[in-house]
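Since chain L is already given, all that's left is putting chains S and W on it; use the hints.
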Amino acid sequence: MNYTTIQEIDSLQEWVNEAIAIKKNPLQNKALGENKTLGMLFFNPSLRTRLSTQKAALNLGMNVMVMNFTNEGWTLEFEDGSIMDQGASEHIKEAAQVVSQYCDIIAIRAFAELKDKEKDNAETVLSGFLKYATVPIVNMESATGHPLQALADAITMEEHKTVHRPKVVLSWAPHPKALPQAVANSFVQMMQLQDADFVITHPEGYELNPEITKDSKIEYDQNKAFENADFIYTKNWSSYKEYGKVTNTDPNWTVTAEKMQLTNTAKFMHCLPVRRNVIVADEVIDNANSIVIEQANNRTYAAQLVLQKILEEIRS
Amino acid sequence: MNYTTIQEIDSLQEWVNEAIAIKKNPLQNKALGENKTLGMLFFNPSLRTRLSTQKAALNLGMNVMVMNFTNEGWTLEFEDGSIMDQGASEHIKEAAQVVSQYCDIIAIRAFAELKDKEKDNAETVLSGFLKYATVPIVNMESATGHPLQALADAITMEEHKTVHRPKVVLSWAPHPKALPQAVANSFVQMMQLQDADFVITHPEGYELNPEITKDSKIEYDQNKAFENADFIYTKNWSSYKEYGKVTNTDPNWTVTAEKMQLTNTAKFMHCLPVRRNVIVADEVIDNANSIVIEQANNRTYAAQLVLQKILEEIRS
Amino acid sequence: MNYTTIQEIDSLQEWVNEAIAIKKNPLQNKALGENKTLGMLFFNPSLRTRLSTQKAALNLGMNVMVMNFTNEGWTLEFEDGSIMDQGASEHIKEAAQVVSQYCDIIAIRAFAELKDKEKDNAETVLSGFLKYATVPIVNMESATGHPLQALADAITMEEHKTVHRPKVVLSWAPHPKALPQAVANSFVQMMQLQDADFVITHPEGYELNPEITKDSKIEYDQNKAFENADFIYTKNWSSYKEYGKVTNTDPNWTVTAEKMQLTNTAKFMHCLPVRRNVIVADEVIDNANSIVIEQANNRTYAAQLVLQKILEEIRS
Chain L
17 MNYTTIQEID SLQEWVNEAI AIKKNPLQNK ALGENKTLGM LFFNPSLRTR
67 LSTQKAALNL GMNVMVMNFT NEGWTLEFED GSIMDQGASE HIKEAAQVVS
117 QYCDIIAIRA FAELKDKEKD NAETVLSGFL KYATVPIVNM ESATGHPLQA
167 LADAITMEEH KTVHRPKVVL SWAPHPKALP QAVANSFVQM MQLQDADFVI
217 THPEGYELNP EITKDSKIEY DQNKAFENAD FIYTKNWSSY KEYGKVTNTD
267 PNWTVTAEKM QLTNTAKFMH CLPVRRNVIV ADEVIDNANS IVIEQANNRT
317 YAAQLVLQKI LEEIRS
Chain S
17 MNYTTIQEID SLQEWVNEAI AIKKNPLQNK ALGENKTLGM LFFNPSLRTR
67 LSTQKAALNL GMNVMVMNFT NEGWTLEFED GSIMDQGASE HIKEAAQVVS
117 QYCDIIAIRA FAELKDKEKD NAETVLSGFL KYATVPIVNM ESATGHPLQA
167 LADAITMEEH KTVHRPKVVL SWAPHPKALP QAVANSFVQM MQLQDADFVI
217 THPEGYELNP EITKDSKIEY DQNKAFENAD FIYTKNWSSY KEYGKVTNTD
267 PNWTVTAEKM QLTNTAKFMH CLPVRRNVIV ADEVIDNANS IVIEQANNRT
317 YAAQLVLQKI LEEIRS
Chain W
17 MNYTTIQEID SLQEWVNEAI AIKKNPLQNK ALGENKTLGM LFFNPSLRTR
67 LSTQKAALNL GMNVMVMNFT NEGWTLEFED GSIMDQGASE HIKEAAQVVS
117 QYCDIIAIRA FAELKDKEKD NAETVLSGFL KYATVPIVNM ESATGHPLQA
167 LADAITMEEH KTVHRPKVVL SWAPHPKALP QAVANSFVQM MQLQDADFVI
217 THPEGYELNP EITKDSKIEY DQNKAFENAD FIYTKNWSSY KEYGKVTNTD
267 PNWTVTAEKM QLTNTAKFMH CLPVRRNVIV ADEVIDNANS IVIEQANNRT
317 YAAQLVLQKI LEEIRS
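Protein chains in written order, with the working numbering: chain L, 17 to 332; chain S, 17 to 332; chain W, 17 to 332.
By construction, these hints were calculated from the structure, which means they are not laboratory data.
Be careful, since some hints might not be right.
What the hints assert, rightly or not - Okay, derived cross-link-like pairs now, DSSO-like style, lysine-lysine, Cα gap no bigger than 30 Å in a straight line:
| no. | chain 1 | residue 1 | chain 2 | residue 2 |
| --- | --- | --- | --- | --- |
| 1 | L | LYS40 | S | LYS133 |
| 2 | L | LYS46 | W | LYS46 |
| 3 | L | LYS52 | S | LYS52 |
| 4 | L | LYS147 | L | LYS183 |
| 5 | W | LYS46 | L | LYS325 |
| 6 | S | LYS46 | L | LYS52 |
Claimed, not checked - Quick list of simulated restraints, FRET-style, between CB atoms:
| no. | chain 1 | residue 1 | chain 2 | residue 2 | range |
| --- | --- | --- | --- | --- | --- |
| 7 | W | GLN23 | L | LYS261 | 53 to 63 Å |
| 8 | S | LYS147 | L | GLU129 | 15 to 25 Å |
| 9 | W | GLN102 | S | GLU174 | 28 to 38 Å |
To be verified - If you want the footprint, here are the derived chain S segments under chain L, 3+ residues with CB under 8 Å:
| no. | segment |
| --- | --- |
| 10 | 44-57 |
| 11 | 113-121 |
C-beta atoms are modelled at their ideal positions from N, C-alpha and C, and glycine is treated no differently.
Pulled out of the complex, with its shape left as it was, chain L reads as follows (with noise of 0.2 Å):
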């Protein structure tokens, strides 16, 4: 079992159930993990993902080696057939089958370069570990993806959700730099595996990839998004038209006070970090109905919840 995208959970409401049992008894399963190397594998930087995903396996009692392909390794190859004269070091094809001798699961980010559309497409970099590699991986933020995010957001929505079928409103909002869409798409791919009124708001152009978003529903009008919103999900991504351009930085998206006054006193969420007074106002952010502080919090559970499944099918 790999967890590459929020595509891979069969039930979700299962899942949230039982991440929501773990996050009530982290240290139930301490001895699943035992003598088991989870390895962590990092492109890019990391805060929430680098340790919440080390404080799971620790839960799970396993043993966690880290490691910055950024500093501390190779530059690595992911074209078949290259002839390897210029600055990559080692292929995908060794690193990926070596690497998992020394691990029972690999974790790897490995952001959008937001150049090649193709290329970050492709998942260049975790599609080249999902093929070579020979132990499961867990997808710790690919080009395209963020799934451990999404289903902490699952869980944290499910903590919070006052009705059946609550209104969530994914929001686009501005940013000076050019962010990837891989914690937005997660986001709808999970949203579409729930029962809810789910509405994506942002500006013409910034519409995210049709083959992720399908029939889900964009609204153009921000304001008219919120009216009723249970929760609002802010988060800014660069264009995919015109792929990884920044081609609109509208103070007017920012999620304000005013704005949330315009829903059902929702919510609010970030995956983190968050540019204060860029993408929402400190006034919403510092408010009680922020729970982004607690949607961290449930990144260990999502992840313990992933480490547990694979760890269990390991074992069986």
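Relative to the frame of chain L, chains S and W by itself:
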């Protein structure tokens, strides 16, 4: 309980005695830290602190997660209310709250930048964590203090003192680069908790923050200061008046064998790393009266005592 | 006991047999390393060594502390008597003694700089630790040797040899950048402890240090060397004569299927990372006779044997 300044020690003599007892049997409390996690966050390089604090946590049975904010995480914003459209990706308010959910104790290293006295005195990073973290904080050297070092220094002096009230000299020494005042500050504050004949010697213009030195004796004549000393503690710091500047590199301040002959066969101490033949002559640091290596060893037991006290409070 | 060169092996055959026994039951000695700490110090990048040595230590129940001197610590000075007013902040004399107090075994990676033959041959970093450390030292690739790799190579050949006295060829291959001779050196020294028909082949001018190759057979005609070989061990190294220079990048030295046909269906070996289609053609490394992945796997058991022997000595 936090451990951010030497002034948080209620009874230095008791702490020193407890640390010496831990040193004799470092694994005696290995159950205390079981399933507890120390997060070590580095904003600057570290060798002794990195390894000795980890070792202390391992002796207590803790899990350790190490993270370098220099290259592994996000750039943090510390100012309240700022519009985060520049370099910083994450506010300390979120970072500190989030990390607190993954760790039972957070240890932080964040040096003075030596550019802005007010900012350094405000202890931007450490204060940010203290303000927003929800778990105990340990200072692994901040802008203005290094209390784990000073505690290790106290342990080392206790082990080596031959008279009840030794003469202890903190001597400035030259250095090519601008260094923080943190070690010197904490040493001074620690000495103020001791019964000793304590003298600080440095060139005029190198006075430490008077709010820290208070009525500690200052002697501008290094030779006079060394007379009959039992301990010579050497350390460079950059100017506090002309903040962060190196205004003096006079090699006459280097600690030499000749100068040590003025002392009462004094023990030589330095926190390390030390620049040989700039701060201190080889003949002094290589002499049998040099106790710098044992001083570094005591870093483990200083850290272990602090972590143990915090764990005992958490467990109670 | 240190493990710094392959020549520290008293009986290669016994060591290989012991490592193969460990491979069959890697957790059998998990109590041996309890409360013992391995410090892994990296002055250069590492993937296999970093992860396999950690894994070996974990299999033995040890604690592991990993530190990158490249960016996490201080720049070290190695020369005795130097006036340290330049870039280096800490002398090896202090660093080695200090780290010895936090670790029970120190493992070090410090490549050749390939600028100054004498300095590299003096093994500045490794020798510095050997001279001043007070705990056993393990070489994780130094300027002139990589004995953990060579031990893994011996294990791998033992597992795959089909005749008592195989023909083993160490073949130079082209590479765009200047690489150290360390792997080749240790392989040669290891082969000198074996009963085998051992041949080194490389272009003229690429002779390794004659003090290492001694009377090992050198054949400048690669094709002739490959005839009837049972093992082809390929590796690039830069010139030893024109020290550290790349004087030849002749693609005719790349190991191809055509060349492998000259052999006795030889097994193909390489220490990795390997540049595909520069050092070796895809068709060779992807062939069933390529044992590079298993060779990398044996790094764990080579390291585990070495750590186990040291721990047994510490415990006794």
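Here is what the structure says about each hint:
| no. | hint | verdict |
| --- | --- | --- |
| 1 | L:LYS40 <-> S:LYS133 | violated (46 Å) |
| 2 | L:LYS46 <-> W:LYS46 | holds (18 Å) |
| 3 | L:LYS52 <-> S:LYS52 | holds (20 Å) |
| 4 | L:LYS147 <-> L:LYS183 | violated (39 Å) |
| 5 | W:LYS46 <-> L:LYS325 | holds (26 Å) |
| 6 | S:LYS46 <-> L:LYS52 | holds (22 Å) |
| 7 | W:GLN23 <-> L:LYS261: 53 to 63 Å | holds (60 Å) |
| 8 | S:LYS147 <-> L:GLU129: 15 to 25 Å | violated (37 Å) |
| 9 | W:GLN102 <-> S:GLU174: 28 to 38 Å | holds (36 Å) |
| 10 | 44-57 | holds (count 3) |
| 11 | 113-121 | holds (count 6) |
Of the numbered hints given earlier, the model fails hints 1, 4 and 8; all others are met.
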